[in-house]
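Starting from the known structure of chain A, fit chains B, C and D onto it as the hints suggest.
Protein chains: 4
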Amino acid sequence: MKRQVRNKAWAGRFAAASNPVMEAFTSSLAFDKRLALYDIRGSVAHCRMLVKQKILTRTEGEKIIRGLEGVQRELEQGRFPFLPLDEDIHMAIERRLTEKIGPLGGKLHTARSRNDQVLLDVCLYLRDEIAAIQQLLGALQKQLTRLAKRHSTVVMPGYTHLQRAQPVLLAHHLLAYYEMLSRDRERLQQCRERVNVLPLGAGALAGTTLPIDRHHVARLLGFPRVSENSLDTVADRDFLVEFLSACAILCMHLSRLAEELVLWASSEFGFIELPDAFATGSSMMPQKKNPDVPELVRGKTGRVYGNLFALLTVLKGLPLSYNRDLQEDKEPLFDTVDTVKGVLTVLEAMLPQVVFREERLREAALGGFTLATDVADYLVEKGVPFRKAHEIVGAVVRWCLAENKRLEQLSLQEWQRFSPLFGQDLFPRLTLESAVERRRSYGGTARANIERRLRSIGA
Amino acid sequence: MKRQVRNKAWAGRFAAASNPVMEAFTSSLAFDKRLALYDIRGSVAHCRMLVKQKILTRTEGEKIIRGLEGVQRELEQGRFPFLPLDEDIHMAIERRLTEKIGPLGGKLHTARSRNDQVLLDVCLYLRDEIAAIQQLLGALQKQLTRLAKRHSTVVMPGYTHLQRAQPVLLAHHLLAYYEMLSRDRERLQQCRERVNVLPLGAGALAGTTLPIDRHHVARLLGFPRVSENSLDTVADRDFLVEFLSACAILCMHLSRLAEELVLWASSEFGFIELPDAFATGSSMMPQKKNPDVPELVRGKTGRVYGNLFALLTVLKGLPLSYNRDLQEDKEPLFDTVDTVKGVLTVLEAMLPQVVFREERLREAALGGFTLATDVADYLVEKGVPFRKAHEIVGAVVRWCLAENKRLEQLSLQEWQRFSPLFGQDLFPRLTLESAVERRRSYGGTARANIERRLRSIGA
Amino acid sequence: MKRQVRNKAWAGRFAAASNPVMEAFTSSLAFDKRLALYDIRGSVAHCRMLVKQKILTRTEGEKIIRGLEGVQRELEQGRFPFLPLDEDIHMAIERRLTEKIGPLGGKLHTARSRNDQVLLDVCLYLRDEIAAIQQLLGALQKQLTRLAKRHSTVVMPGYTHLQRAQPVLLAHHLLAYYEMLSRDRERLQQCRERVNVLPLGAGALAGTTLPIDRHHVARLLGFPRVSENSLDTVADRDFLVEFLSACAILCMHLSRLAEELVLWASSEFGFIELPDAFATGSSMMPQKKNPDVPELVRGKTGRVYGNLFALLTVLKGLPLSYNRDLQEDKEPLFDTVDTVKGVLTVLEAMLPQVVFREERLREAALGGFTLATDVADYLVEKGVPFRKAHEIVGAVVRWCLAENKRLEQLSLQEWQRFSPLFGQDLFPRLTLESAVERRRSYGGTARANIERRLRSIGA
Amino acid sequence: MKRQVRNKAWAGRFAAASNPVMEAFTSSLAFDKRLALYDIRGSVAHCRMLVKQKILTRTEGEKIIRGLEGVQRELEQGRFPFLPLDEDIHMAIERRLTEKIGPLGGKLHTARSRNDQVLLDVCLYLRDEIAAIQQLLGALQKQLTRLAKRHSTVVMPGYTHLQRAQPVLLAHHLLAYYEMLSRDRERLQQCRERVNVLPLGAGALAGTTLPIDRHHVARLLGFPRVSENSLDTVADRDFLVEFLSACAILCMHLSRLAEELVLWASSEFGFIELPDAFATGSSMMPQKKNPDVPELVRGKTGRVYGNLFALLTVLKGLPLSYNRDLQEDKEPLFDTVDTVKGVLTVLEAMLPQVVFREERLREAALGGFTLATDVADYLVEKGVPFRKAHEIVGAVVRWCLAENKRLEQLSLQEWQRFSPLFGQDLFPRLTLESAVERRRSYGGTARANIERRLRSIGA
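Residue numbers (our numbering), protein chains in the order written: chain A, 3 to 461; chain B, 3 to 461; chain C, 3 to 461; chain D, 3 to 461.
Chain A on its own, in the form it takes in the complex (with noise of 0.2 Å):
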């Protein structure tokens, strides 16, 4: 029992040995592995600061260095010996690293704390993650900016309360998701800068006594700031609590052109038709062909708002510094990590497969009375207050429903049974080339617009 104790790097102060179950309960190796390859790169830099401050000679350095070498060799090679006491990653390396160089092993850990260490570790893999996410929404927003070059001329019901509200191209309405999607990645690069900035040398909480230099493993590492306070420091979950907001922003984002995808992939809408190869059928139903990746896209929304909750729960009312509570942030991160680039990679995969029927579009378009408010505008361009305007048109499509008509279909005499400042001049209006090409204000859905815009973003 007393050799088990004996196997902690805290056990000198205590007298009986771990209970297994609370080992069990206690370690995060299972989810903390992944960080191994960012630990030893920490633990690199760390090394050749303690050698440029004389805290280790030179040769010490080196051959811990070689010794990590080896390790992560292990590491990438899979053959890494995993040992169940080992209580975290950052334990299981440098035990494996002092079985490789001996006690030497020890003084890898001087100044710094698994406190700072871990932070380290998880700003270099988060910072690296975010960039790969940033390259995943780029990548979609390349392939909504094809789509919406593809379909230039397309043009589709514009909805509001799921009601055909006025005529737009489907262009618009795919960059309306480049938009979310830019502002997206705005806040994720600026997320970054404030990952971006380095943990280590805070130590347990206080900092340390001995002569180290923060400014050279910011250096080695390429953090462009270093941390202002170490109780800050330790405590310090912001960054994480950042992320997963938006990543909640982006996927909820994705919720509603997955919420989009199923609906136009439905019969009634049929403006869609999804690639057999992003589709899947039903164990009982011979004929089902389902859209079980948007489906899951916009499900999948509910656990990156779930981590976000779980870690802010986390948080909430713990005194400084460090606490163990704050092991719970690695999960969230991870599974939101991981949903975020599954959602990106799927839907960056699908979208450029993705059948527009234009015809069904088109003729959507047409229904559902979406020029009215063209025929207002056309009448406060004659002088009517749009108020007056708004009700005279309602009044006119009031009586199409009565009668079963399109506005396209009445005559002039019709019109002016309505107003007499109707005139032969109204008809050209009533095309959805016309209502989508006068939509010219800045923004608006007019052709040139669209066009304007993917020249400004470089599409």
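Any given hint could turn out to be false.
The list treats identical chains as one, so a pair stands whether inside a single copy or across any two.
[As the list claims (entries may be wrong)] Capping the alpha-carbon separation at 25 Å, the derived lysine-lysine pairs in BS3-like fashion look like this:
hint	residue 1	residue 2
1	K56	K390
2	K10	K65
3	K332	K343
4	K332	K35
5	K151	K390
These are calculated hints, taken from the structure and not from any lab test.
The structure presented is a predicted model; accordingly, all values stated were derived computationally and were not measured.
The following block gives chains B, C and D in isolation, referenced to the frame of chain A:
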């Protein structure tokens, strides 16, 4: 490529093969494996019913069941050959069954869909897990009552606002958690009754045209009830939300206990000594003995809250009936079950080894003027309106603070400066024992109450 | 300044007056006003018990009760003079009582604390509100069964993945919501039993030294149970979390119904026409008729989820017993009660006026190869293993898609190209009526099932 | 009844009047009143632009603006006559304008929709409120730096796991919160830039056919940017989610500070004395002085988390573009703004009056073997590998615990029993001042660091 499509149970209608990105994205095998044995148990019952109803012949039924038993052995012995193309555990098992018994395996899915099949698996699983959690809850309650009995005369300060308020028995404090866990058990029991409703037979969404007997399946599997509406059945995840919500409340309770353990283990409180076997040290600070177990218990509240919110988000606004989003129900469920069992297990193991420092508790109970209410009650008994009594004692306390005295140290003369009603009979009141013993109102902290409660719960 | 301190019921011990910023920040009067009449009702019962126990004289009791009745009249008539210095509704009422009957008013608070008093108010309030919600739930269920009976022969497409799957009766679809609401009622009923436990008498945290009779108060106020542990009682908000969680599930159900109403009211589905009286228009687009009511019902799910998580967050990690954080329980509760009653009321008023377009529903049910499963079942009855049958029908569907045909249009010869087992007896199967009627498995969509269910629920 | 429909700006197309239940359910006037003055400001700018673009004549424009100014005065003086039929603040103001200036009022809504109008109001409002919150954040930071300077030599125990870990300066601890709030300000500043984008001109969803000049409106209202895509604009609530999420992090920070204040104000810690003016008493216990302010600050975290999740839920899965669900964005926003301003204001008022009990802090810092790491560092400097040093000191601590000694009490002989490397030069290390002063690593607790940081932030 075509070959790949053919492997799917639903491939008949599809012209192109699945994209591997899509397959990886939609596969649930990694986590629904956990349901494997429940899936087989459900299939055996389904098969027996198909035979009883003459949808399968007796020979077919026997062959299928023998086949399923073979698959079960493979699963139990870890020899089951999972394939990358298996979409989920149901398809993996059916595929394996067909490998073993030939095309007859294809008859097992008669009159059912994965939509009702997976629900059956989850119900069987959760039914068992709730029972397991109930048992762990009972075991933890047992430890609480044991501690209460062991320390039946120990007085400690009762707190409001984390300020010492009135003396209470430690046993009373411990039993407060007993009561919380009792409500948890009651809620889980009622939830279990709503889990315990047979979903199988709802088919994909509308029931089946084949002459099945759902009540027979229910009897075979021990379900007291059969679901009433097939559309509702395949769309419903209420019982999971309810379970997650009951677990969120349970974990909230444990987070409060954990918070108290962390406080009590601090140098400042010093009320308890955690067992070495359930504490950990620091990699940097040699003197540290940290309450990692209660900290993690407290932190894990976050993931359970997060899981609840994840599932609520998934379900929000989903049209009937089954949607693939619902696949996202399993990981929050499994993680919650594991987490709840984990925290209950570790607390049940740790609690009996916690050492309560009785002298510190008693000393603390004497501080903070905890007997002030007793003095006010004394005046009330002498006919002073409570508000006036409260004011008088408030003034006494203010004077004591200025003079740096404790209530117990005042002379009768000093008391009488504040009210002539104070007499010698006040002094016997100014002990912790008196204060505790006199709180005999039902549910109050008097020892007689505690003993009565312990008896009534059979402890 | 000193004067201001003196106004506080607890000022005796304080040397300096309250800061007005603090007073504004901590005051709960703005929202706990709502509990005023419950507070008086609780005080009357408390007072009667104090008389019975001879803690107050009969004369004192009568005077206090008459005073409270006067205060009640002022509240009911909107004449109650709230003062800025009233901290909360309890203090406001006690202050007013004392203005009316003099220092005797100060005796009312004998043997109770605001900690147990406010809980009593909340329990009385919530008990009533749950009953009110139950009634509204029943009324909405009534409208669903009425609609089901009114449209008892209407066939519509049943959906999975928002793809047409199998024909179902509209009545079956409507009754799916009936079942959900039944579970909601069951949950709320069980929650109400946990609300219905008398907290008064727990005192501030430890009970009281005065000889109160809690069971008498319980009888006077109709509580079947009395709380068991005073510390638990004042710290407990389980019953509120449970209520919020039951409401979250309920609102989730309504969000699904709302989503369907929005879909069905779209031009693309066209399944329903919303009544003008429950739709709104657009300030810009004269033709619009928007389903604002179901949209808002769907949206309000957010606030109820948010309220649940607000309270769970408040409770996480709070040490025993009462902490002021708990004051934050009231606004989420009140907002949830208002929201739930609002959505139930508006749906109950709107539903009977929704016009179902039966022809559109029927037409839609015919599309999307919804009879494919019936063909597969046909083959199963001829002895084909289900998986094989599924494959054959899948191939038929693929062929139809290529040839732009519907299943009903195929000749026997064409069928037999896919399997020689197809015979003339297939054709009677290829009708919506047959498909619906043959799904007679318990809980399936057959009309007989619906009628049985309507009878069993007394509709 | 017909009259009632006619009152609606959108009534033209409707045959039946609104149901009053529906009107009450959908009305937003009760809360969007708060936007009234912003609505007028936006309308004035819109009107000026319409004149510039010759959509209105100069005379019309002047008349409208004078009318709006009249309405503004009524609002400012509380004389504005709200009517039950006003659906929202926009309609109320337009209705009132028309009462004042006749049908010309109906021209104001030319070329805009409530969909973009309400967004403009919210952007103008939130832009101001973020600025106000930034100011409050700055003021609270100021109080923290003042306290840090006032107590610049006070040593306290630094904690990890709520166990005393290493001595730190109180100023270092206080500045940790300064750093958190700095990140909050940075995040809010970046959020504000995304709020600061003109939405007006997006129309209902697709822009407008009228020749508006959005950039002119932007200049008039001080928006540096104009939104790029009209569909995205009316569907977007990112900036609100981002604001709520920044506030959730901010409140999480304050919940940690609040937790520490509650702990420190307890008898057990005794680190601070709260000012009487910011504490409250108990209605039952005359001696109580409770930290209600920090408790409520901590509790209010819940509502801000809840508001964030409410809005995320609302947005999940909404198809483009505007849906009425989005009306549910306002109450969580307003409540968050009020809550955040409230907690910042009260903390800023209270903090300078908190009395730090310097002797208690110092005494506590001496307990718990907080100098153990310094001893280990001492051995490292003598060449012992850190792990070995840690083990040696661990053994010393264990021995001290058994012997009931403190590190400072050991003789050289006793030290040397554990390692011959201990020498006389150890003793000067064993003081709090040495421990603090030697932690000079960047961000560490040494006084020089604190002073440097205070200078760098201009305090």
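We went through each hint and held it up to the structure:
1. Taking identical chains as interchangeable, the C-alpha atoms of K56 and K390 lie at most 25 Å apart only when they sit on different chains, with a minimum of 19 Å there against 84 Å within one chain.
2. In the homo-oligomer, the alpha carbons of K10 and K65 lie at most 25 Å apart inside one protomer (23 Å), although the nearest pairing across protomers, at 55 Å, exceeds that limit.
3. For the identical chains of this complex, K332 and K343 are neighbours both inside a copy (17 Å) and across copies (20 Å), given an alpha-carbon limit of 25 Å.
4. Taking identical chains as interchangeable, the C-alpha atoms of K332 and K35 lie at most 25 Å apart whether they share a chain (11 Å) or sit on different chains (24 Å).
5. Neither within a single protomer nor between protomers do K151 and K390 lie at most 25 Å apart by alpha-carbon distance, with minima of 39 Å and 44 Å respectively.
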